[in-house]
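Asker: Read off the chains here:
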Amino acid sequence: MQAESGLRVKIGLEVHCQLTALKTKLFCSCSSDYRASEPNEKICPVCFGLPGTLPVLNAKAVEYAAMIGLALNCSVANRSLFYRKNYFYPDLPKGFQISQYDKAGGVPIASSGSVEVEGKDVRITRIQLEEDPGKLTYEGTIDKSSYSLVDYNRAGIALVEIVTEPDIEDAREAKMFLEKLRSVIESLGVSNGELDGAMRCDANISLAGGARVEVKNISSFKEVEKALNYEILRQRTFSGNATSETRHWDERRSITIALRSKEEEQEYRYFPEPDLNAIVLEPGAIAGVRKAMPEVVDAKASRYAEEFGVSLQLAKELAAKKELSAFFDECARLHDGYQEMASLIVGELSAAAVAGAHPIAPEEFVGLVRMVESSSITRAQAKEAIRETLLTGRPARQVVQMKNLSAVVDESAIAVVIAKVVAARPGALDEARGDKKAFNHLVGQVLKEEPKAQPTVVAKLLAKRLRGK
Amino acid sequence: MSRKSRTRKTYSVDLRQVERLADLSRLSLGPEEAERLRGELSSILEYFATLEKVDVSGVAEGADASLEGGLREDVVRPSMPAEILEGVPQRKGRYVRAPRVF
Amino acid sequence: MKSRSGVSLHQVPSMVSNGEMSAEEYIASIFEKVDRLDQKIHSYLQLNREPSLAKAKELDRRAKRGERLGRLAGLGIAVKDNICVRSLQATCASRILRGFNPPYSATAVQRIESEDGIILGKTNMDEFGMGNTTQNSAYGPTLNPWDTSRVSGGSSGGSAAAVAAGMASVALGSDTGGSIRCPSSFCSVVGLKPTYGRVSRYGLIPYANSLEQIGPIARDAESLWLLFSAIAGYDAEDATSSREPVKSPKGDGIKGLRVGRIKEFFGEGAQQKVTERVMDGGAKLEALGAKAGETSIASLPHSLAVYYVIAMAEASSNLSRYDGVRYGLSPERGTADWNSAFARTRSEGFGEEVKRRILLGTFVLSAGYYEAYYVRAQKVRALLAQEFALAFKKFDVLFGPTMPVLPPKLGERVTPLEDYLIDINTVAANLTGLPAISVPCGLVDGLPVGMQVIAPMFREEVLLEVAAALGREQGLKSPPLEEAA
Chain A
-12 MQAESGLRVK
-2 IGLEVHCQLT
8 ALKTKLFCSC
18 SSDYRASEPN
28 EKICPVCFGL
38 PGTLPVLNAK
48 AVEYAAMIGL
58 ALNCSVANRS
68 LFYRKNYFYP
78 DLPKGFQISQ
88 YDKAGGVPIA
98 SSGSVEVEGK
108 DVRITRIQLE
118 EDPGKLTYEG
128 TIDKSSYSLV
138 DYNRAGIALV
148 EIVTEPDIED
158 AREAKMFLEK
168 LRSVIESLGV
178 SNGELDGAMR
188 CDANISLAGG
198 ARVEVKNISS
208 FKEVEKALNY
218 EILRQRTFSG
228 NATSETRHWD
238 ERRSITIALR
248 SKEEEQEYRY
258 FPEPDLNAIV
268 LEPGAIAGVR
278 KAMPEVVDAK
288 ASRYAEEFGV
298 SLQLAKELAA
308 KKELSAFFDE
318 CARLHDGYQE
328 MASLIVGELS
338 AAAVAGAHPI
348 APEEFVGLVR
358 MVESSSITRA
368 QAKEAIRETL
378 LTGRPARQVV
388 QMKNLSAVVD
398 ESAIAVVIAK
408 VVAARPGALD
418 EARGDKKAFN
428 HLVGQVLKEE
438 PKAQPTVVAK
448 LLAKRLRGK
Chain B
45 MSRKSRTRKT
55 YSVDLRQVER
65 LADLSRLSLG
75 PEEAERLRGE
85 LSSILEYFAT
95 LEKVDVSGVA
105 EGADASLEGG
115 LREDVVRPSM
125 PAEILEGVPQ
135 RKGRYVRAPR
145 VF
Chain C
1066 MKSRSGVSLH
1076 QVPSMVSNGE
1086 MSAEEYIASI
1096 FEKVDRLDQK
1106 IHSYLQLNRE
1116 PSLAKAKELD
1126 RRAKRGERLG
1136 RLAGLGIAVK
1146 DNICVRSLQA
1156 TCASRILRGF
1166 NPPYSATAVQ
1176 RIESEDGIIL
1186 GKTNMDEFGM
1196 GNTTQNSAYG
1206 PTLNPWDTSR
1216 VSGGSSGGSA
1226 AAVAAGMASV
1236 ALGSDTGGSI
1246 RCPSSFCSVV
1256 GLKPTYGRVS
1266 RYGLIPYANS
1276 LEQIGPIARD
1286 AESLWLLFSA
1296 IAGYDAEDAT
1306 SSREPVKSPK
1316 GDGIKGLRVG
1326 RIKEFFGEGA
1336 QQKVTERVMD
1346 GGAKLEALGA
1356 KAGETSIASL
1366 PHSLAVYYVI
1376 AMAEASSNLS
1386 RYDGVRYGLS
1396 PERGTADWNS
1406 AFARTRSEGF
1416 GEEVKRRILL
1426 GTFVLSAGYY
1436 EAYYVRAQKV
1446 RALLAQEFAL
1456 AFKKFDVLFG
1466 PTMPVLPPKL
1476 GERVTPLEDY
1486 LIDINTVAAN
1496 LTGLPAISVP
1506 CGLVDGLPVG
1516 MQVIAPMFRE
1526 EVLLEVAAAL
1536 GREQGLKSPP
1546 LEEAA
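Top line first, the protein sequences correspond to chains A, B and C. With the working numbering, the residue at position 322 of the first sequence is 309, and numbering never jumps. With the working numbering, the residue at position 13 of the second sequence is 57, and numbering never jumps. With the working numbering, the residue at position 393 of the third sequence is 1458, and numbering never jumps.
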């Protein structure tokens, strides 16, 4: 992405996040677990929009939305209303979406917050509760099919819409923001952002104060970066004000295309939803939510850095994944080798592996760490053991024995290897003298020759040799 | 059209507005029907405009008659797919068949 | 009220329960009356004959076994066709819902059935509740049993006429701007619009959600109360329903009750003879010990405009879901695209008045007009509520004529606006949520007049006392049609 003539980019995001941790939909008691269902299986008169039915609000959804608001440093409203957003589409059973709309005088459930992304604050304009529509599909391709097929399983699923100010300045920052957002929300336990369709986003982009272009239909975070880069390039190519319009991201062709032009802005005829009452959250209730909510990612990272002395970067990575930090917390209760444990957890244990078919127990893990610290195995050997355990389920201790993993610390044995390696590389010793990079490279060569050698011992002996035996 | 709170004095609608309203409501009107409705809507809107004269200064700003409460627990109850699908006029398998969108 | 066999309607359940009366015979006699009279009246859109008779038979069997039966045992109840009854169609008297069979019953209907009430069938109405004569039905009008060249009123015309002509013991209607009270007045029966939130709206196909309630229609106060107390009360399926408990009427008359005549209801808009009858009614209340006075509700002249702006706005949104895709009318679409198929279905399926209100509702909600119309109307609504609350400091109930006119002739040509104007007395109770009842109050040239009485929030029991007192005083009359039959 070449730096262009300095045309400043402003990007705002609208993220829709399903509250997948809820058991039911937002306004009815149908199960929210629809992904493995047949079409039109999780439907009832309410979410199907049959005449005479009424929405009843899920109390837990309010709690979760307030929690997200607090985690994103927002003000949570004491009183907010639902509004009807009226438009026609086959996947919208009532002919309106129940949402929250702040311009008609009402306030959404939370607003005016911020998220820190790589040292910069991205402001959150508002957070609102709303229902997901159903899903529209076609038989064959969209242009050939003479009819559409609708599945209402998703209709009525609880969504939280999170809207940012246009504080984001490039596509990569957008992706970082989204990943941070996802980890914060996952750490609250209110949503699993990895589930298909659980987090979607639209983007608003403008260049140098020009018109705002909305890009819709971005299916994943990976696509976000691509779509934004494409759109920025497209607007720069046409230099000057783009027309204010809505464009659609075509994933297959990796381009944005203009949607059918509309002469006027969408007319949604918002008005307060008469079938629902105001959402009331007294200060006491909000305080209760704050108290009950899990530790937020940033606070957790700070805690790891300050309390446990884990390096900040590592602390952030650890805190970002709920399963990893939970595992770390367990281990920290057993042993105080915090930095080493943090490093191995982040490096070797992906979230999936921790929860996977062959998990490693904190006690086993701590055992390995102790062995590394006492130099009975090398760090590389510890990693090997961990991988084996995750793969086979065999206890780590057993793996160490079976594979005969033990660090070679015998100095005379290592000296022999060093001599062999040095002999095969004339001039390497001289290079290594005074050049840290070359020195480390040489250590690496020795370890390659003898993988069981304890790296610290190799380094010590090699340094000694450089100093002149 | 933005939603600024300007006071619009409208005592009549023209045919173009009637057509726009019909489009927004997904109603298709014949030309005679549209003209007749134009006249009726105009006189009714003129009647509504009498509300402009009422002094509402005594009413609290943003006062809404909303009640509170009426929430439910997050507990699953059985869905009703069979009975609902039975009433669907046109289906394809378990899908509801609707006209194409484009 | 005594039926021709001399039994008071509200005694039917206890008599059925202790075997003194056969539910099967009673229900059969009602259907026999329907067969004789309803060709002239056209109250019913659907009859639930076989299941009703079967249920009545079962009640008699249970009574014989000594079982305790429900509070409504054996009563035949007609249900307005915008209230869902599982296994029967719910058309709202519209073409667009022809063939719609709800897989659920309204909460009010479920409560009736659990008290052993018998659902006789679904009654005619103005399409989607929009109208005050039942001439806006897609299936033909309902005629007035007191004069079949005149309208029954609306929109619950079918229910009111059925009760008036003895074609049902009691009935359910719905009231958004007077739709229970208007036909009750025109057909000389008692009809109650409960306090907003008193009766669950689950299963009521909505016209205007913030204004309407399901309510009872009956020949007399006692049977009205029987039905009301069975359906009233909090429902978890309706977030706007109230937990406020229903108070029982004390049954000791209206001595000392402060009754206030609403000045604005007796103005030049009302026909003089109608006014006179209602004044007579007021005098009767005084004779029974009530203390009469007069009050003024300054914003009343604006209530009609407020009502229509809000009702039409809500309606335009409520009716968006009728697309012919998931239920109801589904004309052959060929390969038409979504928007044009949709527009065609709706244009074919909706009547004139419904289209008019959808367009107006869309207008008052759209950008540039929302503040001036909808928001403003809600503010005037709040003002109206304040004024009523003030009046209730001086009076226990307020009253006036239910309708400013006598039942109009069928087919009388009026402009839409002229038609809306006769709702002028009834809409205020919907806007404020206050409970209001219409009670028969004499005849003018053989045509019924009704008195509307309004009470403070959740005080339906006071309305009942007034209705009972006035009912005892007036005596019950039957329409000539029923007498001749």
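Everything labelled a hint here was simulated from the structure, so no lab data went into it. Fair warning: there could be bad hints in the mix.
[What the hints assert, rightly or not] Listed below are several chain B residues computed to face chain C (Cβ distance under 10 Å; list not exhaustive):
hint : residue
1    : P75
2    : L85
3    : V145
For glycine and all other residues, C-beta sits at the position ideal for the given N, C-alpha and C.
Asker: Now tell me if each hint is right for this structure.
Answerer: Going through the hints against the structure:
1. P75: This interface hint is violated because 13 Å lies over the 10 Å limit.
2. L85: holds, 6 Å
3. V145: holds, 5 Å
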